[in-house]
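Asker: Here is what each chain is made of, one letter per residue.
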Amino acid sequence: MTDASRPERPAPPWALLAELTHACPLHCPYCSNPLELARRSSELSTGEWADVLRQAGELGVVHTHLSGGEPLLRPDLADIVAAAEAAGIYTQLVTSGTALDEARLAALTAAGLRSVQLSVQHADARANDRIAGRPSSFAAKEQAAALVRRAGLPLGLNIVLHRDNLDAVGALIELGVAWGADRIELANTQFYGWGLLNRAALLPTRDQVTRAHEAVEDWRTRLAGQVELIWVVPDYFDGVAKPCMGGWGAVSLTVAPDGTVLPCPAAAALPDLAAPNVRDRSLAWIWERSPAFNRFRGTDWMTGPCRGCPRREEDFGGCRCQAYALTGDPARTDPACAFSPDHDLVRRLSEAGPAEPPPPYTYRRPGAAPVAPA
Amino acid sequence: MTAPEREWCPALPPALTLRHDTVRGTDLLVLPERVVVLKGHAGTVLGLCDGTRTVRGIVDALAERFPDAPVATDVPLFLDRLHREGWLR
Ligand code: SF4
Ligand code: SF4
Numbered sequence: 001m002t003d004a005s006r007p008e009r010p011a012p013p014w015a016l017l018a019e020l021t022h023a024c025p026l027h028c029p030y031c032s033n034p035l036e037l038a039r040r041s042s043e044l045s046t047g048e049w050a051d052v053l054r055q056a057g058e059l060g061v062v063h064t065h066l067s068g069g070e071p072l073l074r075p076d077l078a079d080i081v082a083a084a085e086a087a088g089i090y091t092q093l094v095t096s097g098t099a100l101d102e103a104r105l106a107a108l109t110a111a112g113l114r115s116v117q118l119s120v121q122h123a124d125a126r127a128n129d130r131i132a133g134r135p136s137s138f139a140a141k142e143q144a145a146a147l148v149r150r151a152g153l154p155l156g157l158n159i160v161l162h163r164d165n166l167d168a169v170g171a172l173i174e175l176g177v178a179w180g181a182d183r184i185e186l187a188n189t190q191f192y193g194w195g196l197l198n199r200a201a202l203l204p205t206r207d208q209v210t211r212a213h214e215a216v217e218d219w220r221t222r223l224a225g226q227v228e229l230i231w232v233v234p235d236y237f238d239g240v241a242k243p244c245m246g247g248w249g250a251v252s253l254t255v256a257p258d259g260t261v262l263p264c265p266a267a268a269a270l271p272d273l274a275a276p277n278v279r280d281r282s283l284a285w286i287w288e289r290s291p292a293f294n295r296f297r298g299t300d301w302m303t304g305p306c307r308g309c310p311r312r313e314e315d316f317g318g319c320r321c322q323a324y325a326l327t328g329d330p331a332r333t334d335p336a337c338a339f340s341p342d343h344d345l346v347r348r349l350s351e352a353g354p355a356e357p358p359p360p361y362t363y364r365r366p367g368a369a370p371v372a373p374a
Numbered sequence: 001m002t003a004p005e006r007e008w009c010p011a012l013p014p015a016l017t018l019r020h021d022t023v024r025g026t027d028l029l030v031l032p033e034r035v036v037v038l039k040g041h042a043g044t045v046l047g048l049c050d051g052t053r054t055v056r057g058i059v060d061a062l063a064e065r066f067p068d069a070p071v072a073t074d075v076p077l078f079l080d081r082l083h084r085e086g087w088l089r
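So the protein lines, in turn, are chains F and H. Numbering-wise (full-length UniProt numbering), the first sequence opens with residue 1 and increments by one. Numbering-wise (full-length UniProt numbering), the second sequence opens with residue 1 and increments by one.
Just so you know, the hints here were simulated from the structure itself, not pulled from any lab data. Misleading hints may appear alongside valid ones.
[Claimed, not checked] Negatives, chain H to chain F, calculated, CB over 12 angstroms: (1) VAL23; (2) ALA42; (3) PRO67.
[What the hints assert, rightly or not] If the Cβ cut is set under 7 angstroms, some of the chain H residues that face chain F in the computed set are: (4) ALA15; (5) HIS20; (6) VAL30; (7) PRO32; (8) VAL35.
The beta-carbon is built from N, C-alpha and C at its ideal position, and this holds for glycine as well.
Turn these sequences into a full structure, and let the hints guide you.
Answerer: Pasting the structure below:
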């Protein structure tokens with residue numbers, strides 16, 4: 001292939017998101033896993049994960065997030081951490097905090113685990129458990145945070161923001177400080193997959209978003225130098241497309257529980273992607289040569305306003321999965337962008353105000369979502 | 001030289017890793033959620049920050065290896081900058 005804008009060989013990936021299992025004790029209605037959750041019987045074995053991580057290290061991967069679902073449900077998690085460490089890859093555990101105890105954490109740390117990110121749904125225990133769809137999950141998280149601090153590992157809190165918790169953003173930050181977090185990520189819900197399915201219940205008002213953003217900026221000044229605050233923009237409200245994974249096939253790759261490799265966790269929903277699998281192909285082939293990873297690489301595939309836009313190297317035309325979810329065409333400009341001819345789709349939703357009363361959540365559970373026939 | 005500088009033996013906090021990246025041919029400092037590509041001899045300097053050497057010891061070791069470089073002035077400033085970032089303790 002000779003193509004001026006696409007180098008023969010793409011730059012190596014920096015990061016790998018390892019979705020070790022889609023099983024999870026929680027049922028968050030905005031989960032980033034695909035609607036069709038991978039079965040436990042289809043999961044990669046310990047040996048297969050070790051091989052994926054070895055290949056990833058050779059390919060240039062430096063960072064991995066061991067995620068899920070709930071990665072602690074894999075009894076071989078410490079072996080997988082050790083395999084990443086042996087491959088020279090820095091490991092970060094992304095967990096809901098249920099099922100973490102001192103012995104387990106000690107085994108993971110001994111295997112080379114470097115840092116832990118804990119999800120929190122709300123600063124109020126009852127609200128947390130209601131959003132997570134599981135009683136007592138808040139108490140488990142509080143205990144997990146204390147264990148991580150005691151083990152001396154850096155602690156991050158991951159919070160997905162929506163209508164049900166945006167007003168509590170200050171309390172969530174205070175909670176993070178009280179629990180000893182080094183970093184608090186406040187990510188406004190992305191509406192695809194489960195988030196899209198629950199959009200009517202999750203979509204906030206513009207006022208909520210504005211107030212929350214002001215509160216975060218206020219806290220950012222107060223906590224400067226102590227706790228890092230990350231605000232992931234609400235693209236429906238900002239009129240600005242978010243950079244898709246730092247570019248399609250540019251920075252990172254996702255390996256799903258069954259070995260499917262995707263440029264982003266949500267990309268499983270894209271039609272005709274022909275997602276490659278580590279059971280059939282080497283990771284190097286998948287990254288460098290597979291049609292799926294080359295499909296939206298660079299800027300040649302762009303349509304409409306993105307094609308001539310000065311921002312195209314910064315936001316890469318926004319989110320492919322969102323373009324597909326809202327317009328049916330994954331190559332269109334992300335409708336979140338104010339320049340998109342489809343921006344009305346998003347503007348109408350963000351201006352309509354939320355549904356009253358909020359519809360109930362469709363909790364994330366295998367079989368809970370309607371899945372298109374194959 | 002001030003007193004604390006004489007005593008300080010810089011070391012990387014446990015959550016930080018210094019490594020050589022053979023794929024990209026560069027030294028890296030790896031942290032939670034971040035990878036810093038180290039330019040020039042930064043990796044060599046950080047490699048000496050093992051918690052046993054004082055700043056003076058690090059400067060001397062570097063001066064021996066790079067006799068023509070202004071290590072005595074540049075290295076303490078560099079270490080101080082990393083300390084303020086929280087990348088050395
Ligand atoms: S038109 Fe495309 S490249 Fe330009 S800002 Fe919008 S999404 Fe980004
Ligand atoms: S388009 Fe990009 S950011 Fe959006 S969900 Fe897909 S890969 Fe992720």
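Asker: All hints, please: hold or fail.
Answerer: Consistency of the hints with the structure:
1. Here VAL23 (chain H) does not stay apart from chain F, with its beta-carbon only about 4 angstroms from theirs, under the 12 angstroms limit.
2. With a minimum CB-CB distance of about 17 angstroms to chain F, ALA42 (chain H) clears the 12 angstroms threshold, and the non-interface call stands.
3. In this structure PRO67 (chain H) is separated from chain F by more than 12 angstroms, as the shortest Cβ-Cβ distance comes to about 33 angstroms.
4. Interface hint status for ALA15 (chain H): upheld, as the beta-carbon distance to the closest one in chain F is roughly 5 angstroms, under 7 angstroms.
5. The restraint placing HIS20 (chain H) at the interface with chain F is violated, with a minimum CB-CB distance near 9 angstroms, outside the 7 angstroms limit.
6. Interface hint status for VAL30 (chain H): upheld, as the beta-carbon distance to the closest one in chain F is roughly 5 angstroms, under 7 angstroms.
7. Hint status for PRO32 (chain H) relative to chain F: holds, with the closest Cβ pair at about 4 angstroms, below 7 angstroms.
8. The interface hint given for VAL35 (chain H) holds, since its Cβ lies 5 angstroms from the closest Cβ of chain F, which is under the 7 angstroms cut-off.
Hints 1, 5 from the earlier list are contradicted by this structure; the remaining hints agree with it.
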